[in-house]
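**Student:** Residue numbers (the working numbering), protein chains in the order written: chain H, 1 to 152; chain L, 1 to 152.
It is worth saying that the hints were derived from the structure and are not from the lab.
Note that the structure is a prediction, hence the values are computed from the model and not measured.
Certain hints may be false.
Derived DSS-like pairs (lysine-lysine); straight-line CA-CA distance at most 27 Å [said to hold, decoys possible]:
no. : chain 1 : residue 1 : chain 2 : residue 2
1   : H       : K75       : H       : K146
2   : L       : K12       : L       : K24
3   : H       : K75       : L       : K75
4   : L       : K132      : H       : K127
5   : L       : K17       : L       : K75
6   : L       : K12       : H       : K12
7   : H       : K132      : L       : K132
8   : H       : K146      : L       : K17
Number of protein chains: 2
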Amino acid sequence: MTETRFAPQIDKTETEKGTILRPKFDTDGLVPAIVTDADTSEVLVLGYMNEGALARTIEEGEAWYWSRSRQEYWKKGATSGQVQTVVEMRTDCDQDAILIKVRVAGNGATCHVGYRSCFYRTVELGKPATDKTVLKTVETRVYDPKDVYDKA
Amino acid sequence: MTETRFAPQIDKTETEKGTILRPKFDTDGLVPAIVTDADTSEVLVLGYMNEGALARTIEEGEAWYWSRSRQEYWKKGATSGQVQTVVEMRTDCDQDAILIKVRVAGNGATCHVGYRSCFYRTVELGKPATDKTVLKTVETRVYDPKDVYDKA
Numbered sequence: 001m002t003e004t005r006f007a008p009q010i011d012k013t014e015t016e017k018g019t020i021l022r023p024k025f026d027t028d029g030l031v032p033a034i035v036t037d038a039d040t041s042e043v044l045v046l047g048y049m050n051e052g053a054l055a056r057t058i059e060e061g062e063a064w065y066w067s068r069s070r071q072e073y074w075k076k077g078a079t080s081g082q083v084q085t086v087v088e089m090r091t092d093c094d095q096d097a098i099l100i101k102v103r104v105a106g107n108g109a110t111c112h113v114g115y116r117s118c119f120y121r122t123v124e125l126g127k128p129a130t131d132k133t134v135l136k137t138v139e140t141r142v143y144d145p146k147d148v149y150d151k152a
Numbered sequence: 001m002t003e004t005r006f007a008p009q010i011d012k013t014e015t016e017k018g019t020i021l022r023p024k025f026d027t028d029g030l031v032p033a034i035v036t037d038a039d040t041s042e043v044l045v046l047g048y049m050n051e052g053a054l055a056r057t058i059e060e061g062e063a064w065y066w067s068r069s070r071q072e073y074w075k076k077g078a079t080s081g082q083v084q085t086v087v088e089m090r091t092d093c094d095q096d097a098i099l100i101k102v103r104v105a106g107n108g109a110t111c112h113v114g115y116r117s118c119f120y121r122t123v124e125l126g127k128p129a130t131d132k133t134v135l136k137t138v139e140t141r142v143y144d145p146k147d148v149y150d151k152a
C-alpha cells in the first residue's frame, strides 16, 4: 500500500476501536463505498474511492469516486446533475469499506441505465446456481438515458 | 477471469438489461456483497463471495462468503449462530456487485466487534481530510465478544 494523507493502520484494536480514520486501500489504492439514500436507506450503488476521492468527499460533503474504467476522478453528477450530497459517512470495523448516506439531486437517479438504484434486478433463489440463473427487473426507471444522451 | 458455472458476460446490453445472472468476479475471483437488514434496510457488512460462495448462497438461501484472510469458505453464523437467511438477492447494472437482504439469527449481531452492523462509526465531514480525521462511535454493542470467546 502506498502512503496516504490519512493515518496508517497500526494494530487491530486501534483500527476497530479507535477514534481516528485509518482507511485501508486495496492493492489498486481503492476502498469500496456503499451508497444509500439517506431518507429511504435504499442501496443506490457500490462505488470506489481512492485516497483523493475519499478526501474530497470528506472535505466537500459531495460524493467523489475514482472511475476504474476511465482511470480518473469522477464527481458524481458533474454532467448528469445527479449530485450526491453526503448526509453521513461511516466506516467499518477494519476500515476497508466506506458507507455514505446521500441525497441525490437532479432527476434523482443514480444508475446510468435510468434507475434510482443500480440494484434494479433480483436474483432467483432456491434453485441450482447455473448459467441459466434468472434475473428479474423489479424497479421502474426514473428516466430513459437515451432521451438525455441522444440530445447531447 | 476463470470460467465459472455462471453465464459469461457477452456485451453491455445483455449485462445491463438481460434476464440471466452473469456475475463479474474480480482478478481474485471475488464479487463484493452488500448485506442489509431485510426489515430495517440498515447496512450490516460488506462481504466477498467467490463463485462457490455465491452459488451456495443462491441454492441454500443462507449467506456464504469467501474469507480473504483465511482463504476458505465461511458460512456466516456457523460458529456464532448469527446465520443470515437471505430474503432477497439483487445484482447491479454491470453485475460486479451483489446485494443481499437478510434476517440475522442468534444474538442479531453481524460484526465480530459486537455490533449489529460493522458500520458503527461515523467519519467527521466538512474539515480537512488528514491523519487526524475523527471517527465517532454512534451505535451500541449487542454483546461483548469477550463474553463469548473467552468461554470457548
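**Student:** If a hint holds in the structure, say so; if it doesn't, say that too.
**Tutor:** A quick look at each hint next to the structure:
With a CA separation close to 21 Å, the supplied pair K75/H and K146/H stays within the 27 Å bound. Our distance criterion of 27 Å between C-alpha atoms is met by K12/L and K24/L, whose separation comes to about 12 Å. A distance of roughly 37 Å separates the Cα atoms of K75/H and K75/L; the hinted pair therefore is violated under the 27 Å criterion. Restraint check: the Cα-Cα separation between K132/L and K127/H comes to about 49 Å, which exceeds 27 Å; the hinted pair is violated.
For a cut-off of 27 Å, the pair hint linking K17/L to K75/L is broken: about 31 Å separates their Cα positions. Note on K12/L and K12/H: the hinted pairing is violated, with a Cα-Cα distance of about 41 Å set against a maximum of 27 Å. Note on K132/H and K132/L: the hinted pairing is violated, with a Cα-Cα distance of about 50 Å set against a maximum of 27 Å. About 14 Å separates the Cα atoms of K146/H and K17/L, which keeps this hinted pair within 27 Å; it holds.
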